[in-house]
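> Single-letter residue listing:
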Amino acid sequence: MERQPVYLDYSATTPVDPRVAEKMIPYLTQLFGNPASRSHAYGWDAEKAVDTAREQVAALVNCDPKELVWTSGATESNNLAIKGAANFYGPAKGKHMITVKTEHKAVLDTVRELERQGFSATYLSPMENGLVNLDELKAAIRPDTVLVSVMLVNNEIGVIQDVVAIGNLCREKGIIFHVDAAQATGKVDIDLAKLPVDLMSFSAHKTYGPKGIGALYVSRKPRVRLEAQMHGGGHERGFRSGTLPVHQIVGMGEAFRIAKEEMAEENARIRALRDRLWAGLSGIEEAYLNGDLEQRVPHNLNVSFNFVEGESLMMAVKDLAVSSGSACTSASLEPSYVLKAIGREDELAHSSIRFSVGRYTTEQDIDFAINLIKSKVGILRDLSPLWDMFKAGIDLSTVSWVHGTESHREAETAAAH
Amino acid sequence: MAYSDKVLDHYENPRNVGSFDQEDQDVGTGMVGAPACGDVMKLQIKVSDDGVIEDAKFKTYGCGSAIASSSLVTEMLKGKTLDQALDIKNTHIAEELALPPVKIHCSVLAEDAIRAAITDYRSKNETETAGYDACKPAA
Ligand SMILES: Cc1ncc(COP(=O)(O)O)c(C=O)c1O
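Chains as they are written, first to last, in this note's numbering: chain W, 15 to 431; chain F, 13 to 151.
In isolation and in its complexed conformation, chain F is listed as follows (with noise of 0.2 angstroms):
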């Protein structure tokens, strides 16, 4: 299997590795995968009061494309709103990293741990101003 540059840097080089605490309230995590698929990737957000993600770290069990595909994906996701980030697509992943056909599995992988991660931070946070809401009067 020959890789190209960018996932060999990324598989040498993995930027972002490591976690947040899933429990803080800033914190978005993202669990995808399967370990019988051989591809398992935790992705963590941190978002600012404003909306912005400004931290992102990864954990990744999988191939080499997978790992470079998640570690691509935290540089990305820094400075992005959640909006913004639901707009990043596995296709650019995949041309960022110029994966072979076999590979684009762990660029929608990808994807769908960025959708996870922020779909958790959105339902820890929902909750939570739903409470506060209540006091105000409807819109």
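Just chain W, same shape as in the assembly (with noise of 0.2 angstroms):
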């Protein structure tokens, strides 16, 4: 059997805690019963372990467990949040809306979607190290402005925005905040209870429980409304109808419980992992970290490897389970869109790779890594014509590059001489 790749992915998705896996497992066979139902014992069991979780769930984010809503994940809640409460608030205090570039794309097609609907926004550019520049979000606000969405930790650079500074200045201003915070659950402390945010997204499969379910918190206190998006019978207090999906929502609820349990000790261990990945590979030269390093979550890394190309890096890291600054599925590679927000050139873009360290990784995982980033950094660097120039002193930026259709243009009067 060919050898798994080292998973360093975990910030794209965790595999579920087997304690997660085993509380599920009853509610999908014999403990199945619907939770609305009332009129027997299938369904007060059931109605019960959707309740557990709920103060599972709440336990972890200081709210109460009535401000929590079920939903089928962070990118059902950014779009519950975003269009349900523009949609309420909209028409009475006004159709403008302030996010951010390197907001998820959940939060970005929903904002664009609303736009389409005749809103306006505006998309902040974060600064160099990723994170809200508050003088410009004071700027950017206005009277009809009706909503301000910004995630607690961003997916691909791992920085922690200051929500609290900018969650009291939507306060002061009467405007609804909402937070994505699908990536900050169980890696940073979150107090509802305190932080003057409205509405906050969580999804369960970035904290070692299943795919397919969230949360979305709704305060109470001030108590925020929101438009239902989805339609029916009525369920999680007309937020959001569906038959609740019990094992989903049990799976979430305990690995929520383990992550408050465990956080602290956990992330100290993550920490040190992430750290010794960063110690070795920072001494590869033109090694850039992407991000702040300070106002980080402690286990994200983003570096960015200068005179090599993004897709045959990620080609030649197949042993790593790891994502890329440059997604090639289409035509034309594209840069990320978050490196680009932080200003980094297309080049450092493309050959980024997002660690991100996890429950089960270990220390020989780590050196494994660093190991093979090096040599394979080290033979692209040979192959590379841009080393060689970066090696001899010059400065690339001021090549003119001769695109291909220029140089066949060339070869071809020269030909005809």
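In short, the hints are calculated from the structure, not lab data. Be aware that one or more of the hints could be misleading.
Claimed, not checked - Selected chain W positions facing chain F (Cβ under 7 angstroms, derived; list incomplete):
#, residue
1, E323
2, D360
3, L397
4, W415
All residues carry an ideal CB built from backbone N, CA and C; glycine is no exception.
Assembling the complex is the task here: the two chains are given apart, and the hints tell you how they should meet.
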């Protein structure tokens, strides 16, 4: 059997913790009831399990369990929060929204959709370290600004936004504040009793729970209202209809319970692994860290390796499961929009790797990754004419590059002589 | 992205990686592409007195298909005259490597690199010849 690549992509998704899977299984087979069934024990047992899970999720983020709405994940939570609040408050307050260029697509595309429906939006450029500039946010606020959406932790570069300062600003101006916290649970402390946040999105599968389940926090004090996006049986107090997936919910509850219990210890261990990784990689010449190192979750590292091309780098490191800064699924190689938004030029954005360490990462995994990256970057640079030029002291930005078609034309004219 | 076995072979064991001295009279250098586009190929040929490509070397910044295209081209060039080399078309390269449609541009770039290297060699040697020929009676 071929060896599985070493998994360093915990920000993409995590395995379900075996303790979580064990808790879920009975709710697929014996305890299969519909929590909306009020007339028999199957329903009551299911309802109890859902209540317990709601308390477990609430406990991790310190809110009232009644403030949580189950969804299918952070994508749906973001849609419900942004469309729901914009549609509810827009007509009275105004039709302007503010978000950030480095948000997840689940926020950006939702805002885009609202723009098509007549809203307008400001997309803030973060500072070079990935953080929102509060003065720019302040300047972007208009009398008709109805909603601000800023993520707590960025999925690519792991930076933690100052949601306290942003939230206070929004409270002052009577603006609804939504926070996508999909990448934050179990990584940073979240205390919703204190945070000036109205809506917060969660996902289970980034925190060792199952995929396809999430939650939206909807503040009760101050009371925030939403227009439902999914209509039907009026589940979840009318915010989100649909029969509750009890096994998934139980899984999310247990995953978040474990996170609360173990996160302090786990994050110390994971931070040490991440720092070991950076200690190894930062020794490579022309390797650049993307995003602030201090204001950052403990498990994320995002590094660009200059003078190697992104796709060949990914090909070279196929023994590692990591994410690349360039999406090469389409014909045109698109560099990461997050890295571009923090001002990285295309070449560096292309040749970036996101490493995300997790619960089952070992020191051996980290050392394997360091050695592999060092050797492969070395090999690719030996192949790279750009590396030669750099080493010869040539400033690549001063070179006039001959594009394919141009050289073709030159060749043809030369041949015609 | 699924790569063909041929691309993987050239990517993992690239042939003729390296450089000749760009200043040498018998060397032609072609550098095509741009870093911002994700590929830069440097192809060099060493040409014998009777106009045959004796050796070829490359360095490429680019995806696996770009590396494989330039590696393959160095193999194809050896032993060819300059005119025969100019007959190498991107379609030959793409076919040989079974490049998927989104990677055809890599083979186009490789063809461009051949032309650029030959142009460079010829322009270097033409001026030189012109100098000597000045003493000869016009043909
Ligand atoms: C910041 C952020 N928001 C939203 C999502 C989407 O979450 P889900 O997969 O639960 O829909 C993700 C994960 O891909 C994410 O990282």
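> Against chain F, is E323 (chain W) within 7 angstroms by beta-carbon distance?
holds, 5 angstroms
> Hold the hint about D360 (chain W) up to the distance rule: shortest CB distance to chain F must be less than 7 angstroms.
holds, 5 angstroms
> Does L397 (chain W) pass the interface hint, meaning its C-beta sits closer than 7 angstroms to a C-beta of chain F?
holds, 6 angstroms
> If you take the shortest Cβ to Cβ gap from W415 (chain W) to chain F, is it below 7 angstroms?
holds, 4 angstroms
Violated hints: none; the structure is consistent with every hint.
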